[in-house]
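Undergrad: Here are the chains, one letter per residue:
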Amino acid sequence: MAKVELRGITKIFNGTVAVRKTDLEICDGEFMVLVGPSGCGKTTTLRMVAGLEMPSDGMILIGEKDVTYAEPKNRDIAMVFQSYALYPHMTVYENMAFHLKIKKMDKKEIDERVQNAAALLGLSNYLARYPKQLSGGQRQRVALGRAIVRQPQVFLMDEPLSNLDAKLRVQTRAELIKLHQKLKTTFIYVTHDQTEAMTMGTRIVVMKDGKIQQVGTPAEIYNHPANLFVATFIGSPAMNLLEGTLTRETDHLLRFCGNGISVQFPNTDLKIDNNSKVLLGIRPENMNIYPVENNPNFNDSCLRCMVEVVEHIGSEAILHTRTEHQEYMIIKIPGHAKIPAVGAQIQAQIFYGKTHLFDADSGNKLCTRSYGAVENC
Amino acid sequence: MAKVELRGITKIFNGTVAVRKTDLEICDGEFMVLVGPSGCGKTTTLRMVAGLEMPSDGMILIGEKDVTYAEPKNRDIAMVFQSYALYPHMTVYENMAFHLKIKKMDKKEIDERVQNAAALLGLSNYLARYPKQLSGGQRQRVALGRAIVRQPQVFLMDEPLSNLDAKLRVQTRAELIKLHQKLKTTFIYVTHDQTEAMTMGTRIVVMKDGKIQQVGTPAEIYNHPANLFVATFIGSPAMNLLEGTLTRETDHLLRFCGNGISVQFPNTDLKIDNNSKVLLGIRPENMNIYPVENNPNFNDSCLRCMVEVVEHIGSEAILHTRTEHQEYMIIKIPGHAKIPAVGAQIQAQIFYGKTHLFDADSGNKLCTRSYGAVENC
Amino acid sequence: GQSNQPAQTKKDVTINLLAQNHPWTNAIQPFIPDFEKQTGIKVNMQILTEQQTRDKSLMTLQAKSPDIDVWMSLKSFEGLAYYKAGFYEPLDKYLNDPKLTPKEYNVADFMKGPFTGEKIDNKLVGIPIIVEGPVVFYRKDVFQQYNISVPKNMDELLEAAKTIQEKSNGEIYGMATRGLPQAIPYTFGAFLHNMGLEWMDASGKPNFDKPEAIKAIDMYATLTSKYGPPGVVNNTFYQSSALFAQGKAAMEYESSNELSTITNPQNSRVVGKIGVFSLPPGPGGNHPTVLQWGVSISAFSKNKEAAWEFIRWATSPEMQRKLAEKGIASPRSSVWDNAEFKKTLEEPVKQEWAAALRIVMDNGNPEVGPPVTKQAEARKMIGTAIDKVILGTATAQEAASEIQQKLLEVLK
Amino acid sequence: MTRMSITGKDGALQPHPSPPMNDTETFWGLLKKFRVPIMMVSPAAIFTVIMILFPILYSAYLSLVKWTPGSEDAPFVGLANYIRMFQDPTFWLALGITLKLFLVCLFFETIIGIYLGILLSREVPGQKIFQALILLPSIIASVAIGMMWILIYDPTLGVANYFLKSFGLKQLVWLADPDMVLAAIAIIDIWEWSPFMALIITGGMRALPTDPFEAAVIDGASRWQIFKYVTLPLLRPVIMVAILLRSVDLIRFFDTIYIMTKGGPNDASTTLNVYSYLQGFSYMDMSYGSAIMLFLLALVMLFSLIISALRRKAVS
Amino acid sequence: MRKKDYILTYLQYFILILLFIGPVLWMILSSLKSNLDITAYPPILFFQPTFNNYTELFKIYPFAKYIINSFIIAGGSTLLGLILGVPAAYAIARYRLHSIAFFTLISRMAPGVLFLIPWYLIASKLEITGNNFLDYIMLILTHAVITLPLIIWLMISYFEEIPIDLEESALIDGCGRWRIFFQIALPLSLPGIAVSVILSFIFSWNYFLFALTLANNSTMPLTVIAFNFIGEGATNWGGLMAAATIISLPALLLTLFAQRLLIKGLTAGAVKG
Ligand SMILES: Nc1ncnc2c1ncn2[C@@H]1O[C@H](COP(=O)(O)OP(=O)(O)OP(=O)(O)O)[C@@H](O)[C@H]1O
Ligand SMILES: Nc1ncnc2c1ncn2[C@@H]1O[C@H](COP(=O)(O)OP(=O)(O)OP(=O)(O)O)[C@@H](O)[C@H]1O
Ligand SMILES: [Mg+2]
Ligand SMILES: [Mg+2]
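Residue numbers (my numbering), protein chains in the order written: chain A, 1 to 377; chain C, 1001 to 1377; chain V, 2001 to 2412; chain D, 3001 to 3316; chain R, 4001 to 4273.
Incorrect hints may appear among the rest.
[To be verified] Restraint ranges, calculated between C-beta atoms of paired labels, are given here:
(1) 2044/V x 4064/R: 17 to 23 angstroms
(2) 4182/R x 2302/V: 46 to 52 angstroms
(3) 1021/C x 177/A: 38 to 44 angstroms
(4) 3222/D x 4061/R: 41 to 47 angstroms
(5) 4218/R x 3302/D: 53 to 59 angstroms
(6) 59/A x 4050/R: 36 to 42 angstroms
(7) 4061/R x 3128/D: 28 to 34 angstroms
Because the hints were derived from the structure by calculation, they are not lab data.
Beta carbons: idealized from backbone N, C-alpha and C, even for Gly.
Just need the whole structure built from these sequences, with the hints factored in.
TA: Okay, structure coming up:
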């Protein structure tokens, strides 16, 4: 139950910059999710908050108190390590009870808490085992259990569900959300699972190469990605990108041309050279498909694609297609729709109201909000 | 490039049965995916195939040869360990090159292969690092890289992508599929990721408590689950289950009653007591929803539910609802559909052609194929 | 320069000499190259501490190994046991063979005591190289300060020690001497003998049931415990000489060999203030312990003639005189009468030392401990019993009867 | 985390993957199966047999005869030497002294060794130098150590008493006091060998995984709690090895005593080993000396068995 | 490490140095004193240092020869101990052959003197003691009896610490057991090797009992020389202390050097879980 603040934090491992001048404010009781590609500095950030790593520069505050160089034990944090870091010489029970025992908690209370956590995580049958006698997922659950028996100021969790099966993961996710609601503790949660990030986080931090790219609610991040990186990183399958040029047609209209499409966007404020190279971003689900022969709405805002691969994932299907200009395009359609065969020619109708325009060179977003496109047809 | 066969394999760890009388035939060149809840014996099975663990009973054949007790090095397999098991005293490069060096491969060839694998996995910049200087995901990629530089008879991979971010995971998944297509090597692949299982596997093995529940292609597993366990385990969100009773009405018709629904199923062969307790399974995506007030097709095969939670995951929305009889029901609708508000009353129309009937006690499927329901209306 | 025709034929012979770290060894070492040059015999010298020497010789000889040709052996200690074991090469035949021993060697020159000390069962098993015995070194200045004169009898000795101890307020100890059990008999022996007792009576029965023995024990214990340094029960010559050399003890009752240590300005703060007297007589006369070291040839040596040649060289009158000039008390009478040697005794302390040593050599009792085969055991046992008195855990009476009883056991 | 593998019943690595052992397995079959471990172990085992078999048999022979120097064939006396041993009060005294020294020294050396070992595993500048220096007491030849401490302990001239005097404490006679001598010797031994324990333990510390320590820090454990609950249990196998190696030497306590007191005063520091040496070499009674030595060997074996069994328990 | 920890650590260092190195310093100081100053009372800290003890030492003894002998014996027996002991320790740790470990320890359990006579008997029967080369071999072998069990027992626990996953990983990579031993287990047990080398070298270097009887004059190691200063007539304290100082130096240097291998956290990053 405390606010966590990073001010200008930098971490350099003999030469490698792992985290670069990062400012971040995590409010009291917030469930903050850190995402980013492998090696972007998530774990390092967590470890600095935990006090396991000293920042090379900057300052860390927990609950207004400067803890940059404080001992971990004085920070009152619980942490789930990415590598579990279980005590090999203790049973599952002892692993989970360790903190409580140290805090000289009443034996009965300890037992109750550990039993509860174990039940929650499906570990009740394994309490007497040693870590080496457990499966990977079981070990991970012990690591999680060790944190959730506690009531710290801040929870730090580093991919705590990565080795669990889907069902257990959904369950545990729900339990963690409940825990958060019950304890109102600040959570900092690292995950590479989009669903987790989107469903659990009150806010999400997207990192890349040790730098924060965007901080925002899940909807903000998904619908208003700050730059090309965030746009393509969030969302699975990733957003499709079409190369093209952007030209100001009138004070109110821009025109995007590329890949055989030509389409107008209403816009007044963007200052842009004619024919600047841009990327048009379209999420796979923001398209409808039609067989080439009978698209009633066909016009030059539609894309013509050939289906190369079809992936069925039960409730939906993912089409890997290629445009006439050989650009790769993923289209997601509901599973109960009619699914084209591999090799079929289709027409994809883009929902221009949900597309994004990025500068091709810098990757910066060209406008801050999504566009209502004026369709040509 | 070999067939792998398990015959009556059992593994007992002082008292704990990890794998129980398992028979499995994995064809030459097949991409076999093992899934199952945490602790069900996937890793143990892989380890027995690898020769790291001796089965307590049974026989293992690779390419028709009995290898039950052969040395791992004589089995010609590559393996990605769930725990990575990197050589801490070797650099990333050396880790990946180790097998090739042992095989006295030409230095240039080694370099080429390692460089290729590293490029594929985005590790090119880290070749000179030691494992302890890497992030979790980077370590996992090294573990994967160590396997894919090889051309073994069988690849064994134990959750090789669990610590990677979505984007990298999609990429790597594609690379592994390519690798499989190129080498035509047998893969045995453990994952807890539904998407991976569904998209990568030529066949899927679903395990539970050390026993195989079903073996089949992804579509078979998804559409024709052999029992309640498989049905609920595969698919995310999980299949909804409605309690009810089944009664034979005529030689050709069964009637399911429960939760305010009453519906007929055409069936001739099922022998069943009247009013046997059964469960009706419905996948979340196999429903349409209507506002209560204007469902044109309303009848007693429709379910009345109240929306409790709405999850937006970009391309789709998931409704957590509760039926009039307080049963929990998840409904998945496309993201662009009109999404009801929390607290709204809705009617869910079930696609009975895609439902499943299970015995409530044993969990066994009552018929072997999905039903064409005769709707009442 | 001596006649050594036989040796000329033994070119390339190497003999192994096992020696102790001992004044004699240190004195002769520089001359060995001369011997090697003269004879062509190479001398391989190994120097160890006393106990190590004994261990090594026991083991080597027990294995009948030829690895030792000549070694320094203390007949009063291990002589009997080694003799019985057949480790010594009898030397009479070498001595009597004129080819091996020229006349100049002059056997008759050896003093009787040391020479017979090298005989066991009337067989010569070694040649003596040095004589020593315990004498009292004292601080002339302290004696003068407290107005004490050189004690004439044992009681005066105690009295002198007492006076010093008391008058100096314990700053200076009256007497530093041995307390280490294994080492006690050497110094204690004279106390016993001066009471008129041998270790054993003529019938071979230990003499510790006599009141004189109790008196001797009591006297020794009083001297060491009351007028000696604390912790005396662990003391042997190291500690005693260190105390004396640092001026912490007014008297040191120790081996005559210690003279070089305490008169060496490198080691001592009391150089020039030292006097020497022989332990004063008691009711039974004056019978200090006398001890000679000898060199012997191993019965298993493969180079016995060369070994003998070495011994003959080392114990020749000429060599003995050279060593005597370095402070080695020679067993040859001629050395003591030699004019050149006498010149080296000009310092008063050396003269006193020579005089005291003369008494030792003339009246000395060669039995350092009871003449039993289990020499070490017997000595240790006697020392332990006396230490009990020193430590105050037993009376002299009890100690004496303990010794008596245990000696009887050892004799069995 | 380690995971036992290719496991047999007790979790031991099996030499080669192989079917569970059955009774019909032939000797050659077993030999082939255990080929590699046999190849690894046998040189050391054979070497040990070669080096120790004859000495032990020879000592056993000696203990059963009446040996005298130089004798060719000594008369067989059966268990006479052993009977004598059990009737010898000095033997019992020596046994008591041996055990007393063993327990006291082992206790302090273990505690100081662990403390030093953990201190040494902290990485601060200068740690390496400090580590080498602190090992000096174990490095210096024991003769020199004994002689040096004789000087230090000298009741009149020694530094030890000088310090006591400067602090106004009662001066002691150290080695010459039968009640004090064991303590004085124990102090030297502890001083000399705690660093040895420390080095083994530091080495062990360095081989430990770092993860559990981070976890403990996060769990809020204090230094002491980390030590008690994490370090110590993880180090237990190494500590047991250190204890084992040290005990084996301690029960045979010899060097320092021999150089300093020769077992005195009044036999107050005569350990079994010193006593057997005195009997065998000084008193030239090899037979009795051998009997005591063999008893001592049996005693060491007993203690080692206990400690190594404890260690095995700690490992599994 | 935080500032407070540094200060506390150094404070402990300081006290420990006083306690543990104090006597050693005293020894070194003594080696620079004359015998008179060594036994002086009250003990003196400031004095006219003299290198006499050292110069005399080098004058009297062929030190170079003795140092070489010591190196041959201690180095040889350490090496032999490593060659025999490290694989054995590995097999013992991995295959749980505890009884063999116990067996090898017997040679350390027996009092050294127990070996003296029998070995000497053998050596003299084989006429080893006369021949320098054979004598070196004999000394190395006998000293290996000290070093071998030490090395085996030290190494066992280091091998037990190595995660088995790594060796399994190597098995999969196609390694035989020997290669696993050499390329995986050995490099990861470097701290153990360092400790083993240091301790077994020190033990062997300082052990004099066997050499005392088995060595001949030209194979005699350095430590035996230390005894030469204790003797009837006079103990040369200064010489003894100087010799002890010199004898300790090589072992100290070896320690300084070998502890480079005492690396922390060698297996970090290897496995998860
Ligand atoms: N060494 C062992 N001793 C005892 N039980 C063990 C041992 N290893 C594994 N088990 C048990 O065997 C079962 C199967 O373990 P396994 O590692 O095969 O599971 P898994 O399917 O890989 O699970 P996960 O997805 O969590 O990795 C688990 O219940 C586990 O607790
Ligand atoms: N000890 C170290 N020495 C050098 N570089 C390091 C060290 N630890 C981490 N790094 C580097 O710092 C960067 C950030 O690492 P970090 O572990 O924080 O990544 P991460 O975001 O947690 O990644 P992942 O999702 O793969 O776990 C990585 O590129 C990594 O290689
Ligand atoms: Mg990470
Ligand atoms: Mg697993």
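Undergrad: Determine which of the earlier numbered hints do not hold for this structure and return their numbers in increasing order.
TA: 4, 5, 6
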